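One line per chain: the protein sequences are A and B, in this order.
Numbering follows the numbering used here, in which position 347 of the first sequence is assigned residue number 347; successive positions increment by one, without gaps.
Numbering follows the numbering used here, in which position 390 of the second sequence is assigned residue number 390; successive positions increment by one, without gaps.
A couple of the hints might just be wrong.
[Said to hold, decoys possible] DSS-like cross-link-like pairs, simulated, lysine-lysine; straight-line CA separation at most 27 Å:
# : chain 1 : residue 1 : chain 2 : residue 2
1 : B       : K336      : A       : K130
2 : B       : K210      : A       : K210
3 : A       : K226      : A       : K191
4 : A       : K326      : B       : K336
5 : B       : K210      : A       : K336
6 : A       : K334      : B       : K210
To be clear, the hints were calculated from the coordinates, so they are not data collected in a lab.
In this text the structure is predicted, and so the values were computed from the model without any measurement.
There are 2 protein chains.
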Amino acid sequence: MFSIAEAQHIIFSTAKNWGVETVSINEALGRVLAEDLISDRDYPPFNRAAMDGYAFLSIDFIEKGIREYKIVEEIYAGYPSKNTLKSGECYKIMTGAATPIAANTIIRVEDTIQKENQVEFLVSEIQSGKNIAKQGEDKRKGELVLPRNIALNPIHIASIAVIGISQLQVYKLPSVVIISTGDEIKGINEKVDFFQIRESNSYTVESFLKRYNIPVRKKIIVPDNKEKLTQAISAALQTDILILSGGVSMGDADYVPEVLQALGVKKLFHKVAIKPGKPLWFGQNQYGVVFALPGNPFSVQVAFKIFIEPFLRKSFNLSSLTNIMKLPFGAIRKKKGSLDEYIPCCIDSTSQSKVVPTSINGSGDVTSIVNSQGIALHEKDRPELKEGDIVSFLYW
Amino acid sequence: MFSIAEAQHIIFSTAKNWGVETVSINEALGRVLAEDLISDRDYPPFNRAAMDGYAFLSIDFIEKGIREYKIVEEIYAGYPSKNTLKSGECYKIMTGAATPIAANTIIRVEDTIQKENQVEFLVSEIQSGKNIAKQGEDKRKGELVLPRNIALNPIHIASIAVIGISQLQVYKLPSVVIISTGDEIKGINEKVDFFQIRESNSYTVESFLKRYNIPVRKKIIVPDNKEKLTQAISAALQTDILILSGGVSMGDADYVPEVLQALGVKKLFHKVAIKPGKPLWFGQNQYGVVFALPGNPFSVQVAFKIFIEPFLRKSFNLSSLTNIMKLPFGAIRKKKGSLDEYIPCCIDSTSQSKVVPTSINGSGDVTSIVNSQGIALHEKDRPELKEGDIVSFLYW
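One chain only, chain A, in its complex shape (with noise of 0.2 Å):
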């Protein structure tokens, strides 16, 4: 049986992005940019004044001790300035302004008075320089802004405006089915029988999908039944992605890996040593990858979060994976059996954030896990945790 890196390894080495395509900026947020885009100018642009103030020259005040200028111009942002400065001048500029470059220093409104065309300076000190952001202190032209391979937040979209692209290249979004296995499954409006439960899986990978804007193509339920199945893989597997649910483990009725097989998709790994999701199948065919998952909700949840995003991820070329983070535990934990364990936790963060565990009765349970913000791992060779050990903690 793999370890969950092991499971990793295999599943990433069938990894490859499914081509670019141009969005617009406006659809552009989560996507994964596949070009770098670069500086069309230096940033700033010109020095730009950074206050409302007063634009000088500053050896009129550092070596001539001058302290009361002549206001030659009023610049405000988004105009040139027309004038020079003489000795013993200055101009008046607002934030945002392009200061010219006979001025090199910026003395703040709330430091001087101003009468009429004259200005008081009431400080006995400056910096030169200061309160200039200098023309290109932040980006070059020509220079990188954002690399390709980085997926889209607020703040990269904003840079993105900035330097005026307003069509860009994102790598294109896979084709994804979904196929919910089971002769207990029922669809969210269908009659439940009392030994029947609904159908929450697809739900639970398609919220997921969302966050990276993939949408999902085909949903569908098909019982455990060995030609219901063939039919219903055989009508799927024309696809980037084939994610499926229950039907994995040692049943009877669990006819998935057969049937995955028998359509000529190979059987790249079946099981891992994790807790929850353990007979998690994994295969390829010539069109995409399978992720066959147990029918547990967690072991859903988990699988989605531990194979199947750091999947995505590095089919869109992320540098990294998923963003893990290592924060002390809040709780003592012990563990039986020797896999890797994911459970359900919360952040605490009344003082130094710490990973506290959510109560759980086991991978079947669907309404307890609810209440956490995440997962964290107790590692198989770890028989305890206690509080103050770091671990690794996801974010849902």
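Given the coordinates of chain A, work out where chain B should sit on it, guided by the hints.
Using the frame of chain A, we list chain B on its own:
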């Protein structure tokens, strides 16, 4: 000048939800639940088999010492059983199936040998009740599954599917208008002269709002002209949230506060002891609230996270404010001045997660901030942050 907490207090005093509407579960991700969702039946709804194996009465094994059992029925998930058990009998049962009450324990298939319709148990001891998730152990019928006033994540959506809710009540979204002001500001596809810059603040705000599924009704750019500002703001005032950027500082062309007040927006405060974002103006009229932010991109980004997002969360009755973490600082940082200061940072999780500042040239730096994952607070009364000091950190 108000502190951050005082400003937030005033902002929160204006928060009220925007009513309630019904949405489909397929549109509910990220929305805030406005009703308590109750368990429609016990969970598990029956004594659920947690393993593939054999269900029997533990007294047979423990007190009568029986090791070989007659299989009277095979029970699959999704089907009721037909037979009751006599001493020395068992059911063959699959994961997820309803275990009849005649049996109280399941032994894993791995720990048995089956010969025709007889099965031998290969273990020396068993635990009564093992491998059965008891009816109602996760949740009783009528118990609360999800309380109102939570932002729905993928795990919540799955639990809503489980209990068969396909339509649910969520808080309505506010209508939002964004006005970016400044003679120096050009639209993304317009030509920029050397003393002009491109508008990016509306992209920041719009992107952040998407996380709450809040659409922007209108985005406009208005020059620093009192009449044009009056006209534009006047046309935009009938909205739940009006967000302006630029024109709120000490400059001679900073007309936004006076225009807002002339149009009947009551000023609740102007200026907060925060860096960046000090000139923040906040007011209210009969339609809603107005945030007038400084024009610098980093100021807008911080103001959104520290004032606007908490206002939204408060309006949606979310029980906690944005997800603040408290983590050790991974650098040394001195601070001048008496303002609470937010600095762009990354999380380094090589070992225990710590907060590491990223370089930025000031609040006008529109390109360097892209390397940060969030912001950390350098509090006003701490002249120096040292390695290991605990700081508040917020993901973007």
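A quick look at each hint next to the structure:
| no. | hint | result |
| --- | --- | --- |
| 1 | B:K336 x A:K130 | holds (15 Å) |
| 2 | B:K210 x A:K210 | holds (12 Å) |
| 3 | A:K226 x A:K191 | holds (24 Å) |
| 4 | A:K326 x B:K336 | violated (31 Å) |
| 5 | B:K210 x A:K336 | violated (43 Å) |
| 6 | A:K334 x B:K210 | violated (41 Å) |
When each numbered hint is compared with the structure, violations occur for hints 4, 5, 6.
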